[in-house]
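Student: One-letter residues, chain by chain:
4 protein chains.
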Amino acid sequence: MGLVQDVFDAATLDKLQGPAAIGHVRYSTAGDSSPRNAQPIAVEYAKGSIAVSHNGTLTNFHEIRGELERGGSIFESSSDTECFIHLIARSPRARVVDRIIEATGKAQGAFSLLFLTEELMVAVRDPFGFRPLVVGRRGMSWMVSSETASFDLVSGRLLRDVAPGEVLVVERGRAGTPRSILPFAPRPARLCIFEYIYFARPDSVIEGRSVYAARKEMGAQLAREQPAAADVVIPVPDSGTPAAIGYARESRIPFEMGFIRSHYVGRTFIEPKQSIRHFGVKLKLGPVRSVLRGKDVVVVDDSIVRGTTSHKIVKMLRAAGARSVHVRIASPPTCHPCYYGIDTPTRSELIAASGRACMVESYLTADSLGHLSLEGCLAALGRRDGFCHACFSGDYPIRPRRAGQEHRARLIVKGLGGGLA
Amino acid sequence: MGLVQDVFDAATLDKLQGPAAIGHVRYSTAGDSSPRNAQPIAVEYAKGSIAVSHNGTLTNFHEIRGELERGGSIFESSSDTECFIHLIARSPRARVVDRIIEATGKAQGAFSLLFLTEELMVAVRDPFGFRPLVVGRRGMSWMVSSETASFDLVSGRLLRDVAPGEVLVVERGRAGTPRSILPFAPRPARLCIFEYIYFARPDSVIEGRSVYAARKEMGAQLAREQPAAADVVIPVPDSGTPAAIGYARESRIPFEMGFIRSHYVGRTFIEPKQSIRHFGVKLKLGPVRSVLRGKDVVVVDDSIVRGTTSHKIVKMLRAAGARSVHVRIASPPTCHPCYYGIDTPTRSELIAASGRACMVESYLTADSLGHLSLEGCLAALGRRDGFCHACFSGDYPIRPRRAGQEHRARLIVKGLGGGLA
Amino acid sequence: MGLVQDVFDAATLDKLQGPAAIGHVRYSTAGDSSPRNAQPIAVEYAKGSIAVSHNGTLTNFHEIRGELERGGSIFESSSDTECFIHLIARSPRARVVDRIIEATGKAQGAFSLLFLTEELMVAVRDPFGFRPLVVGRRGMSWMVSSETASFDLVSGRLLRDVAPGEVLVVERGRAGTPRSILPFAPRPARLCIFEYIYFARPDSVIEGRSVYAARKEMGAQLAREQPAAADVVIPVPDSGTPAAIGYARESRIPFEMGFIRSHYVGRTFIEPKQSIRHFGVKLKLGPVRSVLRGKDVVVVDDSIVRGTTSHKIVKMLRAAGARSVHVRIASPPTCHPCYYGIDTPTRSELIAASGRACMVESYLTADSLGHLSLEGCLAALGRRDGFCHACFSGDYPIRPRRAGQEHRARLIVKGLGGGLA
Amino acid sequence: MGLVQDVFDAATLDKLQGPAAIGHVRYSTAGDSSPRNAQPIAVEYAKGSIAVSHNGTLTNFHEIRGELERGGSIFESSSDTECFIHLIARSPRARVVDRIIEATGKAQGAFSLLFLTEELMVAVRDPFGFRPLVVGRRGMSWMVSSETASFDLVSGRLLRDVAPGEVLVVERGRAGTPRSILPFAPRPARLCIFEYIYFARPDSVIEGRSVYAARKEMGAQLAREQPAAADVVIPVPDSGTPAAIGYARESRIPFEMGFIRSHYVGRTFIEPKQSIRHFGVKLKLGPVRSVLRGKDVVVVDDSIVRGTTSHKIVKMLRAAGARSVHVRIASPPTCHPCYYGIDTPTRSELIAASGRACMVESYLTADSLGHLSLEGCLAALGRRDGFCHACFSGDYPIRPRRAGQEHRARLIVKGLGGGLA
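Protein chains in written order, with this note's numbering: chain A, 1290 to 1710; chain B, 1290 to 1710; chain C, 1290 to 1710; chain D, 1290 to 1710.
Fair warning: there could be bad hints in the mix.
Repeated chains share a single entry, so a pair holds when one copy, or any two copies, can fit it.
Claimed, not checked - List time: in silico BS3-like cross-link candidates among lysine-lysine, alpha-carbon distance up to 27 Å:
hint	residue 1	residue 2
1	1304	1573
2	1601	1336
3	1336	1304
4	1336	1395
5	1573	1336
6	1604	1304
7	1336	1604
8	1573	1604
9	1395	1601
Read the hints as simulated data drawn from the structure, not as lab findings.
Just so it is clear, the structure is predicted and the values come from calculations on it, not from any experiment.
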């Protein structure tokens, strides 16, 4: 529990020995952060030790868990990740890899998984490929991660994406390329479009496409779809910066940093009191008056979720002297719940789900509000197919089976993607 | 992890709501203290939530765990406590109480258990009754604990001991005495004799016998068996104090506090460095020279385990001016491993197992060393039967089934008994 | 700030290098514990570095501080200890020792001081000798402490007490006995009698008299003065234990441990909430029913301050079945404020100052209450003269000069004496 | 000690009551960070309580301290800030404001000061005006700070700069504008030019000039002086971003974010091990390959100090596929020590002081290295006079008096400016 750099200090890292490791970083939402739900999960079962990290969400979690519990399994956590371990432990197969294949074959939904045993590291990506998963190399070592940026950190290099439905097996002490297995029935690829919009780091590359370049192109497309007569284009730093650069380039309006982001406030979201949390946005973003005073301003962000942050941003821009404020969002409105994502505010807190655009605009007190269209978003990404964009379109690749799960579903929201390294 | 008062501070206690609770305090031995092994264990399974605290050790742990793993169970901890939960989860019985009875019926060894579900609190004591377990009352609430002293703390009162083999069921919102079930084949009672000697708090009462009174009587019996011509009788505080009072009374030698115990050094045993740990005994015990100088001293302790502490105590007494030092131990030598106890030093570290009394005496550099006999110990307790004294006599109520387990067994040693409250 | 063992952990101790050191332990009372007031105080001035630890209280603190401030001195702390440093810094003398003598010559009240510079360690005890101060040796090293028990901890040995009014100078790298200077006009010795009664550790020796032996003799004298028809004598552990042993020996009533003290609750006094603090006494002391049930009980403590603890103790004894409870206190009632002591409850909280003995008895709900007389106390100590017993008798060696200080004065109370090592 | 948000958590803030407050944030350099040197310093002296925060460095610190010590003052810290307090305490003047004026009149060097007493808040800026100081208003409250950005955080507004040599007195409970006093002989203004280059936040305004605008103009001027044939201009985020925007605009080369800065690594500089610290730069900056691969890259930073970071940045750019790397620095080389600044690396660690530009270029392994000229820098700032640029030019407004201080001087380096709020 805590920041990676606090938990894994020098002394702790010194204690970690051995030829293999997996890890997981989780964006801690208020309620459910507890050591129980921390990943990786590591257990012992009939075949020895096994650990697993999971990025994604299962849609048939309740069915699987119910079936397992009826068979006598006990659950230590409330996370769906634990299902995989139980399914593996109960598999009648002799070999560990076969048990993993059998177990993951029963799961539905989004799962990029990394298993570690004493002899094997096994990566599995669900047949739809909702979440990214990449394989890299450093010297003689193999690495699997949800983000290519992590390879850069350790001077490794990207080899390729793990394919949707692929099972990749790295054996300890065995030279040569990892064994690739494709055990599942093929499905149409459905990469989460929000990875390009917000989740992934801009210095990552997903399926051959630079996240930074994609965001810049979305900004350019946004400029074509939602032009504004303005003096400057500014980003909401840092998430809106690439799109703002694209918007400015396309619109030929000068790009400026109209907000300065302070770097020592990463933890304001943990603050207990509402009054202090509201202070958080201010602490993080300082307006640059010389850029804003008397100007017509386009402010670019990647997405709107609750709307409270955007509301404050418009207010700060006006207080700093902006003549007009045009909010431009480099993605469509998020109106539909996500069944493959990350826990977030309930539906009633979501501004786009709450009414028509004009009402949102009015809440934001902006002079205008413009979203990128889904068509434009796909055009910016260079291909129409292969994405899950259910949060925008309502077009779900898989429906959850139980009605009861509906209200557990969440709309996609800003958060750190889980990392497997 | 940590001291109870540090973990359960006022803020944390405020957060704990609800009509029922169970807890567990564990003496943390060096190696295996980790949050994973902390109790109570709380999980979810087909019938809802269940939590359990366990005081004791199973002798057929490996058989049960192996069988469970072959059936697909996964283990998050290395503790035998987890077995009970798996057995309950896999039981075909419909009612929770029946599942608990079936599960505990498969276990062998020492177990005083307390289960908590949303509707029930269920206490189970193994058929031999190795570990104590008592039931008490406070207002309209029922309480179960391994020690009567905990009832005093909350102004509750002792009702009775849970009988060996008894299953006691407290139902939420149901008036009247808890339901008592005796589902197991009766076995001869075998209460751990070491509870009276060291484990239990002196202000506790076990099976109607005051621990303090028992220890004082052991001291008196020790004086009869192992007299010494001395000027003063002093205890090794605080564990040796009641026996020293008994020894002094019987021998009519004046009782004195020859050592002052310092109270702020409870945690020296966690210190990493050997040099600092050795310092620990000194920090804890300060000799009172006016009591010791030029005197023939009887020093009374409850038991000897490693011998290193006793060795240092003799040395301190001589340095403080004692003319002669007579070590008197209010229990027999502990020469046999315990299969129902607490993890402790390996056999080779145990002084009584290593040779004859004269050699031990010589290592301690004492003028004389005298142990209470097993006969005397039983006489002091007022009854011959109903005890497990295998650590003294080698007479084991249950043998562990696997040869491999032998070397895992431990000799009984000083430690805090687990508490269930 | 915190417990010694937490602050000076292995890693911190490793960092402390060098041939000399001084330290200080302070009983933290609620309000004024802050890093600012922590000792030793270490500063730089015209002659280099100097550090000081102080046990005691100045009676002319306000006069000295006022004069210093008028001369331009600034105060970082609210402690009187800082005065010594300012006086030294402002002294016109050339040599450090002469500056120390001049500075301490201006102070009035109780002060046992230890100074450390790069070349010198200088101990000073005030002319009345209110607080103890002892000098010891370990190998080639000299040690000065407020308690002989600290020499035992490091295998050092006591040489002698520092005399009232003595200045003892240890020079770095210089062989031979420390230089002794007696620069002040002699005064009648006035050792604080409460050191023998409560402050000092029982394993310490002050001016040749064992604290343990003194307390036991006070208990014996108490038995002669305040006999009781009882079945058992029990102490309030641990502070009342030596006196209870003396009472039992003299009265020939059996000594028992009627309370078991728990050792892991040293910090209850820091707990924020009143409700939890009250729980503190219970957590610390568990009654031994077998000793108490149906018995006439004499319970011996060293002193009564607030009376709240005694009140709870009587209640616990009755709840445990005692037939009658006779409270015996091995010191006279503390009715007068102390000007040379330790910050404590205000006058209105002091039970002895609040009324006649019968009223106190009634508040305590005891069957009888008996204090040792001052005469008896002095008889037990073996000499009539040489003590300050103003807290009992009102006979003050020095009166504070300013009226305003009166209400700042405090009645002597239980606390840990400051330690200089 | 620690991050502001950790030290001043909600609970601590709740405890701070009262109508006035001052604070101070210090960039913690390795050696001298200790609670003793933390600001504000708060003491008591003859006139009551006084606290002070100080941004700057005195050049006659040793003379003043020596004189004070000879007069009997003691120093608790090694900071020059403490001198002001001693001078005030020793002043013969009756009124606090007169004491402050007398005390600050004796100081030489850089000092922006904020004093707080129970009745007054007094701001003082040295006659050269080395460090900025601004006064603002929020409702009926007056605020003084070293940065205008702090007014934005609390919705206050900037009134004006405190003038060089001005003493500004805010009296408690007194309406109307603060009293302004100009007690010192006027001196030519010498604002630290590095405030515009690096120290100040870009969203601050100093003497009417926006820091952001100044940096952007320096970048534009740099493009004119040091053009490069390149495909992209990228900043070293975040400090180089405004200059890079200016460089890109002027050169008409596209601006891109070639590095993504990670926000959770603010504390890497505290890491103990060199190996981990080196990892720090990588953890902080991730290269965006799509922007860099095959490109001629201009990378813009505000200044170079040690050169080790720049060296790594060039290496990372090449590893990410840049065809050529042109380092452009929006300030002149820093070759001369600063006597008015912040403690930093010793001279031998400074890359610009170590040799000619070509050697630096070669160390950096860049294809070219270009610095902004001092002329260009001043042109970008819009006025030639009124600056201290001794670190570039060696033209010192005040020389330190003692030869010995020379080697204590430091070259200006990246750091957070002290904040007074």
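Student: Could you run down the list of hints and mark each one as holding or not?
Tutor: Here is what the structure says about each hint:
In this assembly of identical chains, residue 1304 and residue 1573 lie within 27 Å of each other by CA distance solely across copies; the values are 24 Å between and 36 Å within a copy. Taking the shortest Cα distances, residue 1601 and residue 1336 never come within 27 Å of each other, neither inside one copy (55 Å) nor across copies (46 Å). Taking the shortest Cα distances, residue 1336 and residue 1304 sit within 27 Å of each other inside one copy (26 Å), while across copies they are farther apart (40 Å). Taking the shortest alpha-carbon separations for residue 1336 and residue 1395, both the intra-copy value of 20 Å and the inter-copy value of 23 Å come in at or below 27 Å.
Proximity of residue 1573 to residue 1336 under the C-alpha cut-off of 27 Å is found in neither arrangement, the shortest distances being 49 Å within a copy and 40 Å between copies. In the homo-oligomer, the alpha carbons of residue 1604 and residue 1304 never lie at most 27 Å apart, since the shortest distance is 49 Å inside one protomer and 31 Å across protomers. Proximity of residue 1336 to residue 1604 under the C-alpha cut-off of 27 Å is found in neither arrangement, the shortest distances being 59 Å within a copy and 46 Å between copies. With identical chains, the CA atoms of residue 1573 and residue 1604 are at most 27 Å apart within one copy only, with a shortest distance of 15 Å there and 31 Å across copies.
In this homomeric assembly, residue 1395 and residue 1601 never come within 27 Å of each other (Cα to Cα): the closest approach is 45 Å inside a single copy and 47 Å across copies.
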